[in-house]
Each structure stands twice: as structure tokens, then as C-alpha cells.
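Student: Given next are the chains, with one letter for each unit.
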Amino acid sequence: MIKLISVSKEYDNGVKALSDINLEISKGEFVFLVGSSGAGKSTLTKLILKEEEVSEGSIYLNELDITEVPNRRIPYIRRNVGVVFQDFRLLPNKTVYENVAFAMEIVGAHPKDIRRRVPMILSLVNLSRKASSFPDQLSGGEQQRVSIARSIINNPPVLIADEPTGNLDPETAWDIMRALVDINGRGTTIVMATHARDIVNSMKKRVITLENGRIIRDEQKGGYELEVPNTEKHI
Amino acid sequence: MIKLISVSKEYDNGVKALSDINLEISKGEFVFLVGSSGAGKSTLTKLILKEEEVSEGSIYLNELDITEVPNRRIPYIRRNVGVVFQDFRLLPNKTVYENVAFAMEIVGAHPKDIRRRVPMILSLVNLSRKASSFPDQLSGGEQQRVSIARSIINNPPVLIADEPTGNLDPETAWDIMRALVDINGRGTTIVMATHARDIVNSMKKRVITLENGRIIRDEQKGGYELEVPNTEKHI
Amino acid sequence: MNLKFRILKSIFKQGFQGMWRNRSMGVASVASISAVLVILGIILILILSINNFVMDTTTKFDEVQVFLENDIDDGIMTKIEKTAMKNKGVVSIIFESKDQALENFRKDWGEEAYLLDGLEKNNPLPNSYIIKVEEIKYAENVVNSLKGLDGVEKVQYDKEVIDKLLMIADYIRVGGIVIIGILVFVSVFIISNTIKLTVTSRRREINIMKYVGATNNYIRGPFIIEGVLFGLIGSIISIFIVYFGYEYFFKLVNEQFYSLFAVFLITPKMIFKDITFIFCAIGIGIGAVGSIVSMKRFLDV
Amino acid sequence: MNLKFRILKSIFKQGFQGMWRNRSMGVASVASISAVLVILGIILILILSINNFVMDTTTKFDEVQVFLENDIDDGIMTKIEKTAMKNKGVVSIIFESKDQALENFRKDWGEEAYLLDGLEKNNPLPNSYIIKVEEIKYAENVVNSLKGLDGVEKVQYDKEVIDKLLMIADYIRVGGIVIIGILVFVSVFIISNTIKLTVTSRRREINIMKYVGATNNYIRGPFIIEGVLFGLIGSIISIFIVYFGYEYFFKLVNEQFYSLFAVFLITPKMIFKDITFIFCAIGIGIGAVGSIVSMKRFLDV
Ligand SMILES: Nc1ncnc2c1ncn2[C@@H]1O[C@H](COP(=O)(O)OP(=O)(O)OP(=O)(O)O)[C@@H](O)[C@H]1O
Ligand SMILES: Nc1ncnc2c1ncn2[C@@H]1O[C@H](COP(=O)(O)OP(=O)(O)OP(=O)(O)O)[C@@H](O)[C@H]1O
Ligand SMILES: [Mg+2]
Ligand SMILES: [Mg+2]
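Chains as they are written, first to last, in the numbering used here: chain B, 1404 to 1638; chain E, 1404 to 1638; chain U, 39 to 339; chain S, 39 to 339.
Careful, some of the hints might be misleading.
[Unchecked claim] Cross-link-like lysine-lysine pairs, in silico, DSS-like; alpha carbons within 27 Å at most:
1. B:1497 <-> E:1515
2. S:192 <-> U:145
3. U:192 <-> U:126
4. U:192 <-> B:1515
5. S:145 <-> U:185
6. U:51 <-> B:1497
7. S:136 <-> E:1497
8. S:42 <-> E:1497
9. U:145 <-> S:124
10. B:1515 <-> U:126
11. U:175 <-> B:1497
12. U:136 <-> S:124
13. S:124 <-> E:1515
14. B:1608 <-> B:1497
15. B:1515 <-> U:51
16. S:192 <-> S:136
17. U:175 <-> U:192
18. E:1497 <-> S:192
19. E:1419 <-> B:1419
20. U:42 <-> U:120
21. S:145 <-> U:192
22. U:47 <-> B:1497
23. S:136 <-> U:145
24. E:1497 <-> E:1515
25. S:126 <-> S:145
26. S:145 <-> U:145
27. S:124 <-> E:1497
28. E:1515 <-> S:42
Please keep in mind that the hints were generated in silico from the structure rather than gathered at the bench.
The structure presented is a predicted model; accordingly, all values stated were derived computationally and were not measured.
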């Protein structure tokens, strides 16, 4: 489903965010991506979404080398990947309902389907009451849940979630996790970057650990174990 | 230090975010503010910062009723309150260094002091290498740490931190917590809204629990216990 | 088909919605567009009026005078008349007797008329025909056809003055077109700049749409619609301001100064159609093109 | 004192930095400012030139002619001359004999000069003085002082024409001021709108500064500096475009058409100072005021 072959990413300012990443994720897997702050988790998700270009290597999504895809085709690739962004990225001038509906409208979904499905997903993330609020009228956790709702509305084959529970209380976070497991059970491949030790530890899924832009561990049924080899002094 | 007397907040769109909050926090206290997503934690911090106006009640900061303060004086009040915002609020056109230095410049700090203190604080949050990066060149956790650095640079008597560890790995989160405890030890009053159950449980500090805009628990040496009385169905 | 239609419908919805939700920026942007077009309108009126004035002046010289020899018979006179009338563009031909001519001189000369005293008895002035032509350019032919004819002593028209006037008119027309050209260019520039500022302030939004998988056309659509609507509203406002403002001014001038200025000024009616057309074309065109061009940069993500 | 100075220094630093870091928006905004001022410049030149032309024309009529009685002695003539010279604004006084006058008539009349044949022997024209005045407004006094004087038969000047011309000149001046006033207003409007768009796109930044505890003045400072710099750059660019553009045009006209137009056109030198002053005033003024006004809304948090 997702395959990275010796992928490296160096940003314009010279920061080497990822070095020589080799990775294969099969269809239907649920993978946690862990690593300390700045390890390269978000960079990895950005590469899969083609938000950033790889510096070296290739990324295959469904047998298609997305590093070679012409600009024109990118939107169609992105539609196969639902994304929960770390910084939410909600459209400020659209209500919660419209933000979620937007993802359906761009693929030309039938209005009837939109009217049926959006409220369903909103109630799934417990935001029915906020349907007509604008993003800046929401709490942090509510915004995050809108972003989650938008990412799953189209039943994408791949779901990438970048710290989808960072702003949620544990209870709500577990609700979301249950929903993700459910979606995963119906065939969606899920890659989730997270810092939530509890969640990673209790889910017993594949865990990929990044450190300084390299994969230092990749375990089936793994746990959240971070060794920070070369930390600077602690206070 | 901070005193809220029957404070209520109703937003323009009719959402009642806080109802009849009475609360007193003494100088030098370390207080956790917990509660499920949308409970009103950020609203409370926004009221103390006068980012939002109270609908009813009064808020005293250092014996001063800030709900009565004329607009002109607000900046000077805000300078006594360091804030880590849930959404970071970094100035996009300033580097990490400049963002942190900005808080010192507005109070007219001496350039020598700025040049001495900013690198110190940046190394405290482990961001020395990123001093000349712009916010959009940082990872989520790095941005959050810049926001933390900025909030403490002026040694404010009060520090309000709205989920300051939401985007940090546990290791880094604990580094930050140690730093906060240290600051607290030197006399700064700290109010921290958080979802980090581990942290709250192991710190044994005062915990105020909000639910639907009301204080439902207020315990010295408390723990993170959330009862969600009227949840909607879970999946 | 149905899919495309749904997408199109959704684009339109987004366009109108976007305009409404961004109305505070929209107001600033529409105001700038109107303001630029109002300037353009004022200049257009100014230049057209100057042109009008010059053209008007030239028509005062649109006559040819044919001086006749003394004592010629009616046959010859008829022949002259007929020859003159055969020319293209001749409007009227009027006989002016020598007495009439003297009388006219007297009127023209005003205070110096006493110089003509005593000429009545032995009037040295000839009889003449005054031939009016439709437009000055027809005069040359009339002159040529009559020169040398029996009974014609001299054919005269104010060639020099007319040539000079025509030249001035030409230069004014060219100069006017140049100035208006510059203005149109500058207006286009300002309007597209304004649209650019509006679009730039929403680049984040555009980015988000891209990351969610919207195609460039889908993202562009609502912005183009917004741009066109801004342009349209801006031009309608400016048309109203210019038209009614000028009508008011025109009335004022007509009432207060009678004919003195009125003849110089182009009438509001005459410009209404042009202004409507030009303004709408600029407003809508730049609204659309400006949006497309300014978005280009942000769509490459 | 030291504190204030440090804060001021930091404000300036932020202003320059902000301008540089927002340069893509800045370019659009400077371009709009320049464009508006270029329009203003073109119109200014147009109106000043028209005014110039009219004023120039009036000076062609700035003389008073005093017709003398026949056969008056030198004493009387000297007295007339002296009386005339005593008036304010008199530039020269020239004697024109009756023979000279007839000759001039002959020249003026051109083709009709034969009408004057035979007048030489009994020239009915009087001797006269032609008095040139500095400006037309002085003529009235000269006329009054000479009327009824011994030896003066008649004092004549083209009152009607002059009055008409002066009136036209007045109207053009008033009309010009009105149009330029409108233009200045519209320019101010567009520029402040542009600044507003620029500021609006940074409202989030302003908010953040407020929440961190910056005073309104501290936040405003850099924006005002930015606005002023944008305005200044915009006006300098437009001054260059207008001045050199017009100089080029002026040269072209002078070389190609000689005096025909050159007399109408105001010289580039004449306008340079005005334009520099007006443009800088507008650019800088609006840059500053526009920033202040457009920020007002965002500072109330
Ligand atoms: N646009 C960019 N330009 C330059 N450097 C960048 C950019 N984005 C990220 N980086 C750098 O690349 C490294 C990896 O960043 P990334 O966002 O992938 O980290 P992360 O693992 O998601 O961290 P976090 O848990 O804090 O979100 C960091 O050092 C960061 O500063
Ligand atoms: N500007 C606003 N306008 C209207 N309603 C708002 C606004 N800001 C917040 N709210 C609502 O007020 C309630 C409390 O929000 P608040 O941000 O205080 O929650 P929170 O406890 O910080 O939640 P989280 O943990 O998700 O950040 C929520 O229901 C939210 O939707
Ligand atoms: Mg990240
Ligand atoms: Mg919050």
C-alpha cells in the first residue's frame, strides 16, 4: 500500500529531517509512528501527501510512484489519503459542517449523500452541536475532531493522522481511537503519528520509532519506548 | 493572586462556556486545570488574560479587578502574565530568537539583557539549534516550546499554560514540567490546563476539574479523574 | 455530466459564500476598483469634452464662399449652384448679396465699423454664395469643382485655420487615446493588484484546499467568481457615481453658464453606453484574470 | 528616557524588518500607490497645461489702445504718456502713427486688404498709443486714468474678449481644482485602502502582539513606519515615472511639432517641485494615516 525506498528529506534551510527511510506498510495495517519532538514524523506524513517533495528516494502509494506524478494528478492522489493535520488546517470561513462537507464536495458527491453522511460523521466525533460554528469559535479539541471528521468522511483507503489526540482528554481520545480501529477494521490503512504513550502501549499495533530522521525501531505489537541517546542536559 | 468571583462567560453565538465560577489561587501555587474537550479551560485562561470579556462576575489579579481596567492599561496587565497558548501564536515573520526576544523588547529590556537571556531560555527548551528558523520551519512540538520560552522569558509573576505539552513526547514533556516546577519554586504562580493524565497524577498538585463550564472538583494534591456524566453513545 | 454539474454548482455556491464571508476585505477591494474607475471616468469625460470642443469649433469653419463676378446672368448662376450641389457632403447653398455682405462686415467689425462709412455708394464687395458642407473634409472637393468656372471670381475657405484645427483635433484625439490608454493600463494594474492583495491574504485557505485534494480548477472557481463579482459591483458603483455625478455637474453648468460651457461638454447620455461597457469590461475582466493570475503562485503546492 | 529610546529603536527595527519580510505584499502595495500617483500626475499636467494655454492666450490681449485726437501738441502727448506710465503694471507704451495703423490693418486683413485701397490719401485712422500691461487685470485702471484726458479721443481695449477669457480661465482653474481635488481624494482613498488590505492580512500578527502585552503604540509604530516607507517608495517611483515620462513627451512634442503645442504645455521643470511635494505628502501622509486608521479595528483586543 505505502512503500518508501531510501527516502531522504532535506529542507531548504539545510535541515535534514529524514535520512534513508525504508518502509513498507501493507493494506489494512494500523501503524503508530512515534519519536521525540522534531524526529521527523510530520515530515514523513507530508511526503506521503506530497505536501513536501522528497530530496531522494521514491514513495509508492498503491503501486504508484508519487514522486513522479505530474502536478495535475496530485489532487486525485490526495483524495485517496485522508489526513488529520497536526495543526488542524480548517477553512476559517466555513462552518464545521461546511468544512467536513467540503471534502465531499470537491469529489462531486451527491448533495443527498452529503446531507446524510456529514451529520453522521459529526455525531461520531461528538460535534453535532457545533455543526454551525466557525473554527475560531471552537476549543482546541473540537477543532481537532473536525479535522478528524474531515479526514474520514470519504472513506479513504489510507488515513494519515498526525497527533490526532494531542488536544483531547483521555476519554475523548479513546473514543476517537475506537473509531479509528473500527475504520481500520473495514480496510483502511492507518498511519498515526503520536506522543500518546498510553494509547500506543495498550493498542498492541505495529510501532515505528523515529529518531533524528532515522527509523531506530520497527516492531509488530510494539510499545512506546523512546531512548533519547544524545539528549542535551536536563534541568 | 488570582481570584474569580461568580464569573460567567457566554460567547456571542450563545454558547455558555463558563457558569458561575468561583476560584482563588494564591501566590506561588501550581494549579492544574483539567476537564474534557470543550469544558471551558481555555476560556478561563482567556478571561484572565482579558482576551475575552467576562459576561458576569469579576476577576482579580493582584488585588486589581481586571474587568474594570481601561483598555489603555491592558498591555501592562498582560505583561504580568506569561502565556503558553494552545495554538502557540508565534509571529510568522519573526525567527524563533526574535519571537522570544519580542516579549522582552516590548517592555524595553536592555539589548544586552536580551542577548544574554534569550539564548539561555532557548537552550532550556532545547531549541538552541532552531534560533534562526521561522515558525513554519518548525515541527509542532518545537513551535510549542517556542511559545513556552516566550511565556517565561520575562519571569512573569503568573504563568498560564494552555496544554503546553500537547505536542510533546513524554520525555520532552517532562523536561518542560521540570522547568515549570523550577520556575514555580522561584515564586511564579502557575495555572496549567492539560489533558496529560500521567503528569497530573504524578505531580500531586492542586487539580481543578471543569465540566460543562462548571467546577466539579477542586482538590489539593489531586489526580486526573474525569467523570463524563452525560456522554453520548460510544462506538 | 451530472458530476460536473454538481461540482460547478458547488463552485458557484462557494464563490458567493466566499464573497459574503470575506466581505470586509471585499468592501475595501470593491471600493478601490470603483475609485480607479471613477478616475478613469472623469478623465474620459474630460478628454471627450476637449475633443468635442475642438470638433465643434471646426464645424464653425465648415463653409466655402464663392465670390461672383459683377453682373453675371441667372444661367451662369444656376450653373454654379448646380455644380456646387453635385459635390458630396454639401448641405446648403445660400446667396449673399453685396449689400448683405457689407451689412455683415459692419456687424462683425463692431467699434471699427465707422471705417466702412461711405462704402455703400460704391460697394466694392462682390456677391457670393456661401456653401455649407456636412464635414470639413468635403470642402476641398467643392473648392476644386468651382474654381475657374465661368462667373466665379474667387473661391475661398479658411484652409489654413481649418487645417490647423484639424491637426489639433488629430493630436488631441491621439493624445487622448494615449492618456486613456495609460489610464486603462494603470487601472487594470491597480485593480489586479487589489485582487492580488485580497487573494494573498487568503493563501492559507488555498493551501488547505489543495491539501484536502481539491483540484486547481475547483479552488480557482470560487475565487474567479468572487473576483468577477467584486469587479462587477465595483464597476456598477463607479458607473453610477460617474453618470449621476456628471449629469448633476452638466445640469449645473447648463443652468448657470448657459451656452458658454455647455457646448464644450459632452452630454451624459452620449457617454453612458461607452462608460458602462468599458467599466464592466475592465471590472469583470480584471476581476477574473486578476484572480487567476494572482492565484497561480499559491496553487503550486 | 533611555527606556523610551530603546523602545523607539526597537520599533524602528521592527518596521524595517517587517517591510522586508512582507515584501511580496509590499511590492503590490507600493505598485498600487505609484500607479495612483502616476494618474494624478498625468491629470495634474493636463490641467495645468490647459490652464497655461488659456493664461497664455489672455496675455495676447493684454494691451490698451488710446486713440488720439488729430493734431495735438507734444505737451499733451507727453502728459498722456506720463499718466499712462504712472499706472501699476504698465510694461511699455508705444506710439502708432495713423500710417502705421493702416499698414497694420492691411496686413491683418490679408485677402480683403483691397477694401482699404484709396484710404491712404485721406487716412481716417487716428494716431494712437499702444500700452502693454503686465497682466490683464491692470488694464482697467489704465483705461480709467486716461479716459476724458485732453487729446484722448477714445480708449479701447478688448474688454469683452478679455472678460470672457478671464472667465474661462477662472472656470478652468476652479474646474481643475475640483477635478484635482476629486483625484487627490480618490488617490488617498485607494492608497489607504491598499494599506488597509495589507494591514488586514496581518491582523493575526497584530492580535498576537497584543496578547503578548505590547502596547498599541508599540504595535502601531512598525506598521506606521512600514506604511510611510511604502508610501515614500511609491511616491518616489511615481515622481520618477511622471517626471521623466513627461520630460520625454515634452521633448518629443517640441521636436516634432515645434511651437504648435509647446506653448500649451507646461514645462517639466515647472511641475517638478510641485509634483515632488504633492506626491510625497500624499504617499507618506496616507501611508502613516492609513496604517493608523486601518489598525484601529484590530487593536481593540
Ligand atoms: N518547512 C521546514 N523547513 C525547515 N525545517 C523544517 C521544516 N519543517 C520541519 N522542519 C524541521 O525538520 C525536523 C523534523 O520536523 P517534523 O515536523 O517532521 O518533526 P515531528 O517529528 O513531527 O515533531 P513533533 O512531534 O514536534 O511534531 C525538525 O527539526 C524541524 O525543525
Ligand atoms: N470564540 C468562541 N465563540 C463561541 N464559542 C466558543 C468560542 N471559543 C470557545 N467556544 C466554546 O466554548 C466552549 C469551551 O471552550 P474552551 O476553548 O474553553 O474549551 P477547552 O476546555 O479549552 O477545550 P479543549 O480541551 O478542547 O481545548 C466550547 O464549547 C467551545 O465550542
Ligand atoms: Mg509533527
Ligand atoms: Mg482549550
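Student: All the hints need checking, so say for each whether the structure fits it.
Tutor: Against the structure, the hints come out as follows:
1. With a C-alpha separation of about 46 Å, the suggested pairing of residue 1497 of chain B with residue 1515 of chain E is violated against the 27 Å cut-off.
2. For the suggested pair residue 192 of chain S and residue 145 of chain U, the alpha carbons sit about 20 Å apart, so the restraint of at most 27 Å is met.
3. The suggested pairing of residue 192 of chain U with residue 126 of chain U holds, with an alpha-carbon distance near 21 Å, which does not exceed 27 Å.
4. Distance restraint check for residue 192 of chain U and residue 1515 of chain B: the Cα-Cα separation of roughly 90 Å exceeds the 27 Å cut-off, and the hinted pair is therefore not satisfied.
5. In summary, the hint linking residue 145 of chain S to residue 185 of chain U is supported, as the alpha carbons are separated by about 25 Å, within the 27 Å threshold.
6. A C-alpha spacing of about 12 Å is found between residue 51 of chain U and residue 1497 of chain B, which places the hinted pair at or below 27 Å, so the restraint holds.
7. Distance check on the hinted pair: residue 136 of chain S and residue 1497 of chain E sit about 88 Å apart at the alpha-carbon level, beyond 27 Å; violated.
8. At most 27 Å may separate the alpha-carbon atoms for a hinted pair to count; residue 42 of chain S and residue 1497 of chain E meet this at roughly 23 Å.
9. Of the pairs offered as hints, the one joining residue 145 of chain U and residue 124 of chain S is violated, with about 36 Å between alpha carbons and a cut-off of 27 Å exceeded.
10. As the CA atoms of residue 1515 of chain B and residue 126 of chain U are separated by approximately 73 Å, the hinted pair breaks the 27 Å bound.
11. Our distance criterion of 27 Å between C-alpha atoms is broken by residue 175 of chain U and residue 1497 of chain B, whose separation comes to about 65 Å.
12. Taking the CA atoms of residue 136 of chain U and residue 124 of chain S, the gap is about 48 Å. The hint is violated against a cut of 27 Å.
13. A C-alpha spacing of about 77 Å is found between residue 124 of chain S and residue 1515 of chain E, which places the hinted pair above 27 Å, so the restraint is violated.
14. For the hint pairing residue 1608 of chain B with residue 1497 of chain B, the CA-to-CA distance comes to about 36 Å; that exceeds 27 Å, so the pair is violated.
15. At most 27 Å may separate the alpha-carbon atoms for a hinted pair to count; residue 1515 of chain B and residue 51 of chain U meet this at roughly 16 Å.
16. Among the hinted pairs, residue 192 of chain S with residue 136 of chain S is consistent with the structure: their alpha-carbon atoms are about 14 Å apart, no more than 27 Å.
17. A hinted pair counts as satisfied when its Cα atoms are at most 27 Å apart, and residue 175 of chain U with residue 192 of chain U qualifies at roughly 20 Å.
18. With a C-alpha separation of about 84 Å, the suggested pairing of residue 1497 of chain E with residue 192 of chain S is violated against the 27 Å cut-off.
19. Between the alpha carbons of residue 1419 of chain E and residue 1419 of chain B the distance comes to roughly 47 Å, so the proposed pair goes past 27 Å and is violated.
20. Our distance criterion of 27 Å between C-alpha atoms is broken by residue 42 of chain U and residue 120 of chain U, whose separation comes to about 72 Å.
21. At roughly 20 Å between alpha-carbon atoms, residue 145 of chain S and residue 192 of chain U fall within 27 Å of each other, so this suggested pair holds.
22. For the given pair, residue 47 of chain U sits about 17 Å from residue 1497 of chain B by alpha-carbon distance, which is consistent with the 27 Å threshold.
23. Distance restraint check for residue 136 of chain S and residue 145 of chain U: the Cα-Cα separation of roughly 24 Å lies within the 27 Å cut-off, and the hinted pair is therefore satisfied.
24. At most 27 Å may separate the alpha-carbon atoms for a hinted pair to count; residue 1497 of chain E and residue 1515 of chain E meet this at roughly 20 Å.
25. For the proposed pair residue 126 of chain S and residue 145 of chain S, the alpha carbon gap of about 32 Å is over 27 Å, so the pair is violated.
26. The hinted pair formed by residue 145 of chain S and residue 145 of chain U meets the criterion: a straight-line CA distance of about 21 Å does not exceed 27 Å.
27. A hinted pair counts as satisfied when its Cα atoms are at most 27 Å apart, and residue 124 of chain S with residue 1497 of chain E does not qualify at roughly 75 Å.
28. With a CA separation close to 16 Å, the supplied pair residue 1515 of chain E and residue 42 of chain S stays within the 27 Å bound.
Taken one by one, the earlier hints fail for this structure at numbers 1, 4, 7, 9, 10, 11, 12, 13, 14, 18, 19, 20, 25 and 27, listed in ascending order.
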